[in-house]
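As they're listed, the protein sequences go chains A and B. Numbering-wise (this note's numbering), the first sequence opens with residue 1 and increments by one. Numbering-wise (this note's numbering), the second sequence opens with residue 1 and increments by one.
Simulated from the structure, these hints should not be mistaken for laboratory data. Don't take every hint at face value.
Over 10 Å on every C-beta distance to chain B, these chain A residues come out as not near it, computed from the model [said to hold, decoys possible]:
{"no.": "1", "residue": "Thr123"}
{"no.": "2", "residue": "Ser372"}
{"no.": "3", "residue": "Ile415"}
What follows is a set of in silico ranges between Cβ atoms, one per label pair, in the way DEER data are often shown [stated by the list, open to error]:
{"no.": "4", "chain 1": "A", "residue 1": "Glu374", "chain 2": "B", "residue 2": "Asn10", "range": "42 to 52 Å"}
{"no.": "5", "chain 1": "B", "residue 1": "Gly154", "chain 2": "A", "residue 2": "Ser350", "range": "29 to 39 Å"}
{"no.": "6", "chain 1": "A", "residue 1": "Gly410", "chain 2": "B", "residue 2": "Ser141", "range": "41 to 51 Å"}
Below, computed lysine to aspartate or glutamate pairings styled on EDC-like, alpha-carbon distance capped at 20 Å [to be verified]:
{"no.": "7", "chain 1": "B", "residue 1": "Lys56", "chain 2": "A", "residue 2": "Asp229"}
{"no.": "8", "chain 1": "A", "residue 1": "Lys282", "chain 2": "A", "residue 2": "Asp313"}
{"no.": "9", "chain 1": "A", "residue 1": "Lys373", "chain 2": "B", "residue 2": "Glu95"}
{"no.": "10", "chain 1": "B", "residue 1": "Lys113", "chain 2": "A", "residue 2": "Glu32"}
{"no.": "11", "chain 1": "A", "residue 1": "Lys373", "chain 2": "B", "residue 2": "Glu80"}
{"no.": "12", "chain 1": "A", "residue 1": "Lys373", "chain 2": "B", "residue 2": "Asp77"}
{"no.": "13", "chain 1": "B", "residue 1": "Lys56", "chain 2": "A", "residue 2": "Asp359"}
{"no.": "14", "chain 1": "A", "residue 1": "Lys203", "chain 2": "A", "residue 2": "Asp184"}
{"no.": "15", "chain 1": "A", "residue 1": "Lys282", "chain 2": "A", "residue 2": "Asp229"}
{"no.": "16", "chain 1": "B", "residue 1": "Lys124", "chain 2": "A", "residue 2": "Glu360"}
{"no.": "17", "chain 1": "B", "residue 1": "Lys56", "chain 2": "A", "residue 2": "Glu42"}
{"no.": "18", "chain 1": "B", "residue 1": "Lys21", "chain 2": "B", "residue 2": "Asp185"}
{"no.": "19", "chain 1": "B", "residue 1": "Lys142", "chain 2": "A", "residue 2": "Asp313"}
{"no.": "20", "chain 1": "A", "residue 1": "Lys373", "chain 2": "B", "residue 2": "Asp185"}
{"no.": "21", "chain 1": "B", "residue 1": "Lys21", "chain 2": "B", "residue 2": "Glu80"}
{"no.": "22", "chain 1": "B", "residue 1": "Lys24", "chain 2": "B", "residue 2": "Glu84"}
{"no.": "23", "chain 1": "A", "residue 1": "Lys373", "chain 2": "A", "residue 2": "Glu339"}
{"no.": "24", "chain 1": "A", "residue 1": "Lys337", "chain 2": "A", "residue 2": "Glu42"}
{"no.": "25", "chain 1": "B", "residue 1": "Lys196", "chain 2": "B", "residue 2": "Asp185"}
{"no.": "26", "chain 1": "B", "residue 1": "Lys113", "chain 2": "A", "residue 2": "Asp412"}
{"no.": "27", "chain 1": "A", "residue 1": "Lys373", "chain 2": "B", "residue 2": "Glu114"}
{"no.": "28", "chain 1": "B", "residue 1": "Lys9", "chain 2": "B", "residue 2": "Asp72"}
{"no.": "29", "chain 1": "A", "residue 1": "Lys117", "chain 2": "A", "residue 2": "Asp359"}
{"no.": "30", "chain 1": "B", "residue 1": "Lys171", "chain 2": "B", "residue 2": "Glu84"}
{"no.": "31", "chain 1": "A", "residue 1": "Lys8", "chain 2": "A", "residue 2": "Glu32"}
{"no.": "32", "chain 1": "B", "residue 1": "Lys9", "chain 2": "B", "residue 2": "Glu95"}
{"no.": "33", "chain 1": "A", "residue 1": "Lys373", "chain 2": "B", "residue 2": "Glu75"}
{"no.": "34", "chain 1": "B", "residue 1": "Lys56", "chain 2": "B", "residue 2": "Glu95"}
{"no.": "35", "chain 1": "A", "residue 1": "Lys373", "chain 2": "B", "residue 2": "Asp57"}
A virtual CB, placed ideally from N, CA and C, is assigned to each residue, including glycine.
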Amino acid sequence: MTLTLSKKMAEFTSRLETPQNNYQQAAAERLENMDFPSTRDEYWKYTRLGKITNTAFELGTKLTKTDISSFQTCDNIITIAQGEIRDDLSSFNDLSIVVERSFPGQFGVNNVRNEEKATIFTTINDAYFREEVVITIPKNTVLSAPLQVLVLHEGDQIINMPRLRVVAEGSSEATIIMTTGCQDNYTQFSNCLIELDVAANAKLTFQNVQTGNDNHLTITTIDARQAADSRLAVNTFTLNGLLVRNNVNIAVDGQNCETHMNGMLVTKGKQHVDNHTFVDHKVSNCFSNENYKYVLDDQSTGVFNGKVIVRKDAQVINAYQNNGNILLSDQASVDSKPELEIYADDVKCSHGSTTGQLDENALFYLQTRGISKEKSEKILVGAFIGDVMETIEDEATNQYIKNHLQEVHGWDSDIEI
Amino acid sequence: MSKILIDIKNLHAEIEDEGKKILKGLNLTVKAGEVHAIMGPNGAGKSTLASVVSGKDGYEVTEGSVEMDGKDLLELDPDERAKEGLFLAFQYPVEIPGVSNINFLRTAINEIKEYRGEEAVSAKDFMSMVREKSKLVELDSKLASRAVNEGFSGGEKKRNEIFQMAMLEPKVAILDETDSGLDIDALRIVAAGVNKLRNENNAVIVITHYQRLLDYIVPDFVHVLADGKIVKTGDKSLALELEEKGYDWLTTENA
Ligand SMILES: Nc1ncnc2c1ncn2[C@@H]1O[C@H](COP(=O)(O)OP(=O)(O)O)[C@@H](O)[C@H]1O
Ligand SMILES: [Mg+2]
Numbered sequence: 001m002t003l004t005l006s007k008k009m010a011e012f013t014s015r016l017e018t019p020q021n022n023y024q025q026a027a028a029e030r031l032e033n034m035d036f037p038s039t040r041d042e043y044w045k046y047t048r049l050g051k052i053t054n055t056a057f058e059l060g061t062k063l064t065k066t067d068i069s070s071f072q073t074c075d076n077i078i079t080i081a082q083g084e085i086r087d088d089l090s091s092f093n094d095l096s097i098v099v100e101r102s103f104p105g106q107f108g109v110n111n112v113r114n115e116e117k118a119t120i121f122t123t124i125n126d127a128y129f130r131e132e133v134v135i136t137i138p139k140n141t142v143l144s145a146p147l148q149v150l151v152l153h154e155g156d157q158i159i160n161m162p163r164l165r166v167v168a169e170g171s172s173e174a175t176i177i178m179t180t181g182c183q184d185n186y187t188q189f190s191n192c193l194i195e196l197d198v199a200a201n202a203k204l205t206f207q208n209v210q211t212g213n214d215n216h217l218t219i220t221t222i223d224a225r226q227a228a229d230s231r232l233a234v235n236t237f238t239l240n241g242l243l244v245r246n247n248v249n250i251a252v253d254g255q256n257c258e259t260h261m262n263g264m265l266v267t268k269g270k271q272h273v274d275n276h277t278f279v280d281h282k283v284s285n286c287f288s289n290e291n292y293k294y295v296l297d298d299q300s301t302g303v304f305n306g307k308v309i310v311r312k313d314a315q316v317i318n319a320y321q322n323n324g325n326i327l328l329s330d331q332a333s334v335d336s337k338p339e340l341e342i343y344a345d346d347v348k349c350s351h352g353s354t355t356g357q358l359d360e361n362a363l364f365y366l367q368t369r370g371i372s373k374e375k376s377e378k379i380l381v382g383a384f385i386g387d388v389m390e391t392i393e394d395e396a397t398n399q400y401i402k403n404h405l406q407e408v409h410g411w412d413s414d415i416e417i
Numbered sequence: 001m002s003k004i005l006i007d008i009k010n011l012h013a014e015i016e017d018e019g020k021k022i023l024k025g026l027n028l029t030v031k032a033g034e035v036h037a038i039m040g041p042n043g044a045g046k047s048t049l050a051s052v053v054s055g056k057d058g059y060e061v062t063e064g065s066v067e068m069d070g071k072d073l074l075e076l077d078p079d080e081r082a083k084e085g086l087f088l089a090f091q092y093p094v095e096i097p098g099v100s101n102i103n104f105l106r107t108a109i110n111e112i113k114e115y116r117g118e119e120a121v122s123a124k125d126f127m128s129m130v131r132e133k134s135k136l137v138e139l140d141s142k143l144a145s146r147a148v149n150e151g152f153s154g155g156e157k158k159r160n161e162i163f164q165m166a167m168l169e170p171k172v173a174i175l176d177e178t179d180s181g182l183d184i185d186a187l188r189i190v191a192a193g194v195n196k197l198r199n200e201n202n203a204v205i206v207i208t209h210y211q212r213l214l215d216y217i218v219p220d221f222v223h224v225l226a227d228g229k230i231v232k233t234g235d236k237s238l239a240l241e242l243e244e245k246g247y248d249w250l251t252t253e254n255a
C-alpha cells in the first residue's frame, strides 16, 4: 500500500529537480512521507485531484511571450512569470512600497510552517519554489493607487510555484490586485502560496482575479494574519480554470478587526471550483463577513466550505456567512457547507446558503420586453453577482473581469453588472 | 378597411403539467386602431390568454392559432413576439432586484432595433426618451432608474408597466388588470397615458373586471370571457350591463 502511494508522489516529482539548499531538501524529505489527499479526506471530500496528481509536471522555463498588455489593468505592476519576478515587466515607481525577493537558500528552520498549517501543496511549494516575492507597505503609508501583481504561466505540463508575501505595516493602506493569466492554452499547474501580514491598524484589500485558461489547474493558498484594529478583505473572482481550489485562511490575532471575504465565480464546461475559507477568531471584539456567489453552468461543479472558529474567550464576535448558488444547467452541481465552531458565548454568528435556478418569472418578464432568453439570463446573473462585483473599486479591473465574461462566457458588453 | 393586428382562432390551451384545460376554443380578432376590453369572472382564463399569447412557459396550446399582423406568434419565442410588436402589461409586475429599470429597457430597445435592422439608440436620445415617457405616466424619473419594480408601490408598478409600453411603442398591447390596485387619480393618469399612445396603427386589449377603467379608456368592443371562451361581445354599453348584472346570466345561459 505505502509503496503505491509513494510511487504516486515519486511520479509527480519525477521531472522536478530538488534544488541544492537545506531548506528545500528538508522539504523534499518531508514530502517523501506525505501523500496526496483523497476524497476520503474531509478537507478534500468534494475535490478530486487526479488532474494534478497523475501528471509529471516540469518547472516552467523562461517566459517567451512577454506581451502583458492583455492582462495589465494597473499602472503599477509586478509581474511574476513562471514563479519568478520579471523586472523588465514590472514597474511600480508611483508607489511607496518595498519589493524584495528572498531565495530559498536564505530560508532557515524558522521559515518551516508548523504542522497545522503545512499541507502537501504548501510543502511542494516549499520544496520547489524559486523565490518569494515580498512586498512591504511601510508604516503609515497609504498607497495612492492599487498595485497589480500579475502571475503568468506558459508552456505545457508546467508547474509553477508563485510565492508572495505582503507585509502591510502599521497604519498602512493598500489594495493589491493579483491577476492570474496564461500565455497559451496548455496545461499549467499553479501551486500558489500567499502570505498576508496585516499589522495593527492597517487596511489591506487583496483581490484574487483568476483568469487562467480552460486547462488551468491551481491550488492557491492564502494565509493571512491580522493584528489589532486592522481591516482585511480577500476577494476571489474565478472566471476560468479546469480545477481551482482556493484556501483562504485568516487568523484574527488582534482585537477590533474587520475581516471580509467575497467570492464570485462563473463556470462552464467541466470546470471544478472549490473555495475553502477559514476564519479563526482568536480574540474578542471582531467582525467578519463572507459572501460567495456561484454561477454554475454545463457540467461544472462547485464547492464552498466556510469554516469559522470562535475560540473560548473570544467574546463579542459577529461572524456572518452567505453562499448563494445559481445552477444554470441540470447537470451543474454544488456542495456547500458551513462549519461553525463556537466556543465563546457572546457571539453572533449566522450563515445562509441557497441554491436554485434563476427566477422564471423575472426571466419571462425580461423576455416579454424583447430581450432574448440567453441575454435575460445573463442580466439576471449579472444582478446576482452584482454585490460581489461592487467590491472591486478599480474600474480597469472591473472592465477586465467583464471582458472575460464576454470572451469566456459569451456575455454582451452592454450587460450591466 | 384597417388591417387585422391580432387574430386568435379556436385557441385551446392547458396547463402543461396538470393537463388542466383553461382556454377552450377562444376567438378574437383585433384590428389596427381598435381598443378591445376583455371582462370576465375571476379564474375565467384572462391572464392565461395573455400568458399564452405572449409565450410563457408552462402552457400547451392543443388547438388553434394566434397571428399578429400576419405572423404566426405561437412559433416565436417570447422575445421575438415582443420584437414583432407585442407588449404585455403584467397583472403582477415582477420585482427584479439588481437590474436597473432603464438599463434593461435600453438593452430591450436596442435588441428590438437590431431585430428590425434599425440603428441603436444613442445614450442621449435614450435619456430624453426616458424623460418624455416617464412624464406621460407621471412616473418619478428616480423610479425609472431604480431596480425593476423593487420596492415600488402597487400603483407605481402599474405606471411602470405603461412607462415601458410607452418606451417600446408596441403594435399590440395587452393590459392585464392594469387598473387593479389603482386609486382614481392613478387610474386617470394611467388611462391618459394609454390614450396618448393609441393611434390608427396600433391596438390595445384591456383586460379588466371593473367597468371603471373603461370610462377612461373607451373600448370599441367589449368581450366577456368565461370558462375559456368569449361568450358574448358587444359595445361599451355591455360593460355597464355587466357592472349591473354581474356574469352569472351569461355563464348560465351558456352552460
Ligand atoms: N400556472 C398555472 N398552474 C395551475 N393553474 C393555473 C395556472 N395558471 C392559471 N391557472 C388556473 O387557470 C384558471 C384561469 O386563471 P387566470 O387565467 O389567471 O384567470 P383570470 O385572469 O381570468 O382571473 C384558474 O383556475 C387558475 O387557477
Ligand atoms: Mg388575471
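Hey, Lys113 (chain B) versus Asp412 (chain A), does the alpha-carbon distance stay inside 20 Å?
-> holds (16 Å)
Distal placement of Ser372 (chain A) relative to chain B, Cβ over 10 Å | Since the minimum Cβ distance to chain B is about 5 Å, Ser372 (chain A) lies within 10 Å and the statement is violated.
Whether the CB-CB distance between Gly410 (chain A) and Ser141 (chain B) falls inside 41 to 51 Å | violated (33 Å)
Once the closest CB in chain B is found, is it more than 10 Å from Thr123 (chain A)?
-> About 43 Å separates Thr123 (chain A) from the closest Cβ of chain B, which puts it past 10 Å; holds.
With a cut-off of 20 Å on the C-alpha distance, tell me whether Lys56 (chain B) and Glu95 (chain B) pass.
-> holds (17 Å)
Distance restraint between Lys113 (chain B) and Glu32 (chain A), which requires alpha-carbon spacing of 20 Å or less | The hint is violated at about 65 Å.
Starting from Lys9 (chain B), check that the Cα of Asp72 (chain B) is at most 20 Å away, please.
-> Status holds; Cα separation ~11 Å.
Straight-line alpha-carbon gap Lys9 (chain B) to Glu95 (chain B), limit 20 Å = violated (33 Å)
Does Lys56 (chain B) pair with Glu42 (chain A) here, judged by a C-alpha cut-off of 20 Å?
-> violated (45 Å)
CA of Lys373 (chain A) to CA of Glu95 (chain B), is that 20 Å or under?
-> The given pair, whose Cα atoms are some 18 Å apart, holds under the 20 Å limit.
If you draw a straight line from the CA of Lys56 (chain B) to the CA of Asp229 (chain A), is it 20 Å or shorter?
-> Judged against 20 Å, a Cα distance of about 54 Å means the pair is violated.
Does Glu80 (chain B) lie within 20 Å of Lys21 (chain B) when you go C-alpha to C-alpha?
-> violated (26 Å)
This entry does not satisfy hints 2, 3, 4, 6, 7, 10, 14, 16, 17, 18, 19, 20, 21, 22, 23, 29, 32, going by the numbered hints stated previously.
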